[in-house]
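Enquirer: Starting from the structure of chain A, add chain B where the hints point.
Going line by line, the protein sequences match chains A and B. Going by my numbering, the first residue of the first sequence is number 154, and it counts up by one from there. Going by my numbering, the first residue of the second sequence is number 154, and it counts up by one from there.
If you are wondering where the hints come from, they were derived from the structure by calculation, not from laboratory data. Please note that the accuracy of each hint is not assured.
Same chains, same label: a pair holds when it works inside one copy or across any pair of copies.
[What the hints assert, rightly or not] Here are the simulated DSBU-like pairs of lysine-lysine, each with C-alpha atoms no more than 30 Å apart in a straight line: (1) K274 x K375; (2) K375 x K262; (3) K294 x K375; (4) K294 x K262; (5) K274 x K294.
Number of protein chains: 2
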Amino acid sequence: MRLTFLGTGAAGGVPLWGCDCPVCARARVDASVRRQPNCALLEAGEVRLLLDAGVMDVAERFPPGALDAVLVTHFHADHVQGLFHLRWGNGELDVYCPHDSEGCADLYKSPGPLQFMQLSKFETFELGDVRITAVPLVHSKPTLGYCIEHEGARLAYLSDCSELPPATLEFLQRWQPHTLCLDCTFPPGTEQPRNHFDLTQALALSRDFPDGELVLMHIGHKLDVWLSTRPDALPSGMSVARDGETLVCVGTP
Amino acid sequence: MRLTFLGTGAAGGVPLWGCDCPVCARARVDASVRRQPNCALLEAGEVRLLLDAGVMDVAERFPPGALDAVLVTHFHADHVQGLFHLRWGNGELDVYCPHDSEGCADLYKSPGPLQFMQLSKFETFELGDVRITAVPLVHSKPTLGYCIEHEGARLAYLSDCSELPPATLEFLQRWQPHTLCLDCTFPPGTEQPRNHFDLTQALALSRDFPDGELVLMHIGHKLDVWLSTRPDALPSGMSVARDGETLVCVGTP
Numbered sequence: 154m155r156l157t158f159l160g161t162g163a164a165g166g167v168p169l170w171g172c173d174c175p176v177c178a179r180a181r182v183d184a185s186v187r188r189q190p191n192c193a194l195l196e197a198g199e200v201r202l203l204l205d206a207g208v209m210d211v212a213e214r215f216p217p218g219a220l221d222a223v224l225v226t227h228f229h230a231d232h233v234q235g236l237f238h239l240r241w242g243n244g245e246l247d248v249y250c251p252h253d254s255e256g257c258a259d260l261y262k263s264p265g266p267l268q269f270m271q272l273s274k275f276e277t278f279e280l281g282d283v284r285i286t287a288v289p290l291v292h293s294k295p296t297l298g299y300c301i302e303h304e305g306a307r308l309a310y311l312s313d314c315s316e317l318p319p320a321t322l323e324f325l326q327r328w329q330p331h332t333l334c335l336d337c338t339f340p341p342g343t344e345q346p347r348n349h350f351d352l353t354q355a356l357a358l359s360r361d362f363p364d365g366e367l368v369l370m371h372i373g374h375k376l377d378v379w380l381s382t383r384p385d386a387l388p389s390g391m392s393v394a395r396d397g398e399t400l401v402c403v404g405t406p
Numbered sequence: 154m155r156l157t158f159l160g161t162g163a164a165g166g167v168p169l170w171g172c173d174c175p176v177c178a179r180a181r182v183d184a185s186v187r188r189q190p191n192c193a194l195l196e197a198g199e200v201r202l203l204l205d206a207g208v209m210d211v212a213e214r215f216p217p218g219a220l221d222a223v224l225v226t227h228f229h230a231d232h233v234q235g236l237f238h239l240r241w242g243n244g245e246l247d248v249y250c251p252h253d254s255e256g257c258a259d260l261y262k263s264p265g266p267l268q269f270m271q272l273s274k275f276e277t278f279e280l281g282d283v284r285i286t287a288v289p290l291v292h293s294k295p296t297l298g299y300c301i302e303h304e305g306a307r308l309a310y311l312s313d314c315s316e317l318p319p320a321t322l323e324f325l326q327r328w329q330p331h332t333l334c335l336d337c338t339f340p341p342g343t344e345q346p347r348n349h350f351d352l353t354q355a356l357a358l359s360r361d362f363p364d365g366e367l368v369l370m371h372i373g374h375k376l377d378v379w380l381s382t383r384p385d386a387l388p389s390g391m392s393v394a395r396d397g398e399t400l401v402c403v404g405t406p
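Excised from the complex, chain A in its bound form (with noise of 0.2 Å):
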């Protein structure tokens, strides 16, 4: 099971519109700093799923058959906006998502080929023979994560949160992902983090997966000036994501 990081960025991206601080301002002019909004393509046999849909050329990168589905974490524009784009083209694409009456935009009144399949809270589907189990999170918006499994590997997509529920950390508890891609957009110290993990949290939830592999994403740039003077911050066995990293995750035998 291969994982790509199309983007793996907070909302708003690195460099953020008219921000000055030392990573905004070397992402500017060096593209492998940037990050694009969190999104990622999974591999796993002959399925291609798409988490989350925030890039804005989803419609050139995969053409109709490309994608066996989308799996849409929430409704957030930086989550779904690449879909605007596909809906007066031909052919048909499943869309999976938390239930959400409101979407985002025009995207239910308008969906032309997409087809939304709303999940509910540990709900479990097979695409091929991938298994997956939609985990519900905390955060301002309904918001699904997303448990995949595929020949014995584990592989958990926790974007956006401020909190896994008890049941959810339970879950994973039993689970034991053996890579745990999780929403670290803040630095340490951050007062009252809003919506989303921030690095204090992400490490103590670690301590839950001793074994696993765990893959911090959805970075705001704050947390990138942060780890710039601190190359030793994070611990074994943990590490940031970057736009285009393939991560591999193979199952314990």
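Expert: For chain B alone, kept in the frame of chain A given last:
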């Protein structure tokens, strides 16, 4: 006064996702016939205005201070989606728009540096030495066209519309724009053209402006296909806009 089209396409753009018509197929290999979301930059003296914000790289093209304001015709995603990314940045940007209680996605809820200024029908205001009148249009969402005057040159930007309300037509007949940019999504013979002009309607309207230049925009792929075999279909004084094209609008002395 100069108007540069950043995009000239109907919703979904050209090429359309999954469409194999001759125009969409060609647009995949020939960037010169692609159409991004309809959107233009107006430059008049020292004033720079963005007319709609459908292109996705507004944040990159226009750092804080590069624009005096954005004039939004309406809140469909393909006219405002470029504003989403600016909202977590620094700076200020005035966004003139119609009264629309819905807006688009969470633009109103999380405006960040955007200051939405709702305009009444036929309201006139000035930005530097540019005089602007907002005129109501008939579309599936509250929509304004913008009549823009600078040093005697008059340019009307009318996107999106299926019809001009009588009072708007009267205003335009009296005002007599030198350049009239008009939504023309569909080819002639479209059965019940919905929410947008077709070429038959555009040709009919042009008779009211015998001395003006009529520039068609918000072009759908079917109109491009229709025109591709009829190079002489448009009368003198009427043209189809292309992405990247610049019009110069000079008033008569």
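Enquirer: Evaluate each hint against the coordinates.
Expert: Hints versus structure:
For a Cα distance limit of 30 Å, the shortest separation of K274 from K375 qualifies neither inside one copy, at 32 Å, nor across copies, at 43 Å. Taking CA atoms no more than 30 Å apart as the test, K375 paired with K262 passes between copies only; the shortest distance there is 23 Å, against 37 Å inside one copy. Taking identical chains as interchangeable, the C-alpha atoms of K294 and K375 lie at most 30 Å apart only when both belong to the same chain, with a minimum of 23 Å there against 38 Å between chains. Taking CA atoms no more than 30 Å apart as the test, K294 paired with K262 passes in both settings, with 19 Å inside one copy and 13 Å between copies.
For a Cα distance limit of 30 Å, the shortest separation of K274 from K294 inside one copy, 14 Å, qualifies, whereas the shortest one across copies, 35 Å, does not.
Violated hint: 1 only; the structure is consistent with all others.
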